[in-house]
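Chains as they are written, first to last, in the numbering used here: chain G, 2 to 59; chain S, 30 to 285; chain W, 4 to 222; chain X, 147 to 353.
There could be a bad hint or two in this list.
Said to hold, decoys possible - Simulated pairs of lysine to aspartate or glutamate, DMTMM-like, Cα-Cα distance not exceeding 20 Å:
(1) X:344 - X:175
(2) W:13 - X:237
(3) X:344 - X:325
(4) S:150 - W:43
(5) W:13 - G:30
(6) S:150 - W:124
(7) S:208 - S:160
(8) S:150 - S:160
(9) X:344 - X:152
(10) X:344 - X:166
(11) S:150 - W:123
(12) W:13 - W:76
(13) X:344 - X:303
(14) G:39 - S:54
(15) W:13 - W:77
(16) W:13 - X:233
(17) X:344 - X:208
(18) S:150 - S:86
These aren't lab readings, by the way, just hints derived from the structure by calculation.
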Amino acid sequence: MMSHAAYVIASYLVAALTVAGLVLWVVGDGRARRRELKALEAAGIRRRSAQTAGGDDK
Amino acid sequence: MSENSMAIRKLGDLANPTRFLALAERVLPWFAALSALFLSVGLWLSFTTEGDYQQGETVRIMYVHVPAAWLSMMCYTVMAVSALGTLVWRHPLADVSARAAAPIGAAFTFLALVTGSLWGKPMWGTWWVWDARLTSVFVLFLMYLGLIALNRAMEDPSRSARVSAVLVLVGFVNIPIIKFSVEWWNTLHQPASVMRLDGPTIDPEFLRPLLVMAIGFTLLFFTLHIAAMRNEVWRRRVTSLRRQAARNAGRETLAP
Amino acid sequence: MIALFFRDLKLSVRAGGGAMIGVLFFMTVVAVIPFGVGPDLNLLARIGPAILWIGALLAALLGLDRLFQAEREDGSLDLLLMQETPLLLTVFVKCAAHWAATGLPLVIASPFLGLFMNMDERAIGATMLTLLGGTPAITLIGAVGAAVAVALPRGGLLVSILVLPLAIPVLIFGVSATYAAVEDPAPFLPPFMILMAITLFFAVIGPVAAAAALRHSAD
Amino acid sequence: MRLLAEGLSARRGEDLIFHDISFVLAAGEALVVTGPNGSGKSTLLRVLAGLLGAESGRIHLEGGPPGFEHPHELSHYLGHRNAMKRELTVEENLSFWQRFLGDSPGGAGIALDAAAEAVGLAGITHLPFGYLSAGQQRRMAMAKLLVAYRPIWLLDEPTAALDAGADRLFAGLVATHLDRGGIVIAATHQPLGIERTKALQMTGFVH
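So that you can see chain G by itself, here it is in the shape it has in the complex (with noise of 0.2 Å):
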């Protein structure tokens, strides 16, 4: 039976892994792009309107 409690633990710690690399994943793609618009912004460029800023670049 302890090789069992062998494969929970081991099943318990990838699900721990992999949700903590999603949560890692997303926090730091937010971070950065926040960064680059900050930079951006710095930069002085603007967007001209809030309506065509959806990112659909006609």
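Got chain G; can you put chains S, W and X on it based on the hints?
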């Protein structure tokens, strides 16, 4: 007539990414806190309840395996609905949603595969069998990875949106196959015990932690999805601002 | 030279890069096999190493045709050719970067696919080791094909056709070393040493031949 | 330092592209190669860059730094294509070429920002190269000439995609390079607007 234009404006408001960003800003902390709460209660429950007399300690793997597997399918359903939104209603956020969901879905499918494997080794004596349920989930995993690769390969999001939306919808065939594979084919994988028309057949002792974990995982998914959508909106904004910057750059410096 | 290595690495993970496609192709090829031969676990365990090797061989060839063609299309190849640094060093570094971006992920993915093939730990370890030793040879042989086909339109398929026959020795010794590790009577070391010798041989011959082909393909 | 070409001729397939071309360029001199399409301007530059073998004749350097057998090892070549990767940022592209090319003896390249400034595109080096317009891409490719020092510049239609303002800017860059004792060989349709140039009129063969 005015009602009609009101409806159109409403739809337009929802489609407005700026609105979405404001909404995301408000709901994200709540979602994050709730999922943390549910997950910690679920973890506590899953380690304090009794083991199964037949499966022993390994039944605890179920508390992460089943929610992950459930999410792998739900995430794809979310993507399929988003794909419909892209193709039929041309909703600008639909593509953002589909794109943001793909890596999260891939991660949960990976989790379902690995935990299933870790459960299968002590129970069946092998890490992997090529039965209908396992194979179809593996195909789902490959589809997620393929979609991510497709999204990355195309530079212009507005053009890739439709292409990947079509692919997502075609791939949706796989979801019912996964769901009913355990009933249609005679497989090693045990049949569904929670999501049944005639009510769950599972013992309440196991059902309680399982449900709490499932709710926690689902909340976690929505938290991550909203955050990833927000990142995607930002990413597109950065892209369009950069293009604008490139257009502006020459003019100032070279104007006589 | 380090700059070239990191530039190529960056390019392969950026949008449209081939790093992820190779692994994905590898997984898909290996996943398709059980549908073809049936889900008999004993059979799969027996043919597993061979399938992993064939899958890795095909996946390693996938992005190779772009190795020099992409450089040629935007004019970078001209500049690489002009420098006083020996061209074969440039080619070697490009191969190293290509292997790190596409070959190494294959090696890392192989244990997982080994589990799918119901291979035991020994077989998985041996496959991983032989792939680690053998995939550089595939990249280096492929570089020659890529250099020969660089000026051709639609050279992609041609590269695979040119390279596959040359890669057969790698496949033979890679697979036989893996089986030698699993089955008792055959010793593991001799075929593995031959595999390493092939890799080292092509580490010398590959860049020289590719550099010569690149020089003469210029127009 | 003098760059000498003696009796150069080149062939593509069966066709003789040009025949018996000779010139001598001292430090600080420019050669402008003109001629109609197909007269072999690009081929001449590719021969000088060592990318094509000459059918006959030779190119050599007098009084150059020791250890360099071929003039093309001391040359920048700006061809029709920009040799920049669309996926990488301008900064990544330029810093790659700066580190990969290195400086030839006798000079030093300037910093990336200064080079971008010199082509009038400061402040957008963080953008991916693919985002720039054709003219901006061409100007960034010229910045590449500045980040690593090479005494000889081989320029093939350098100003093809440029507007008048960028034309003048580029003429300024070439003039600066000549002042520092560089050698420039440019193939072009349009006049470069540089004084102190020798001219080479390519006629091509009438078939």
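Hints versus structure:
no.	hint	verdict
1	X:344 - X:175	holds, 7 Å
2	W:13 - X:237	holds, 13 Å
3	X:344 - X:325	holds, 15 Å
4	S:150 - W:43	holds, 17 Å
5	W:13 - G:30	holds, 18 Å
6	S:150 - W:124	holds, 13 Å
7	S:208 - S:160	holds, 13 Å
8	S:150 - S:160	holds, 15 Å
9	X:344 - X:152	holds, 16 Å
10	X:344 - X:166	holds, 17 Å
11	S:150 - W:123	holds, 12 Å
12	W:13 - W:76	holds, 18 Å
13	X:344 - X:303	holds, 17 Å
14	G:39 - S:54	holds, 17 Å
15	W:13 - W:77	holds, 17 Å
16	W:13 - X:233	holds, 9 Å
17	X:344 - X:208	holds, 19 Å
18	S:150 - S:86	holds, 13 Å
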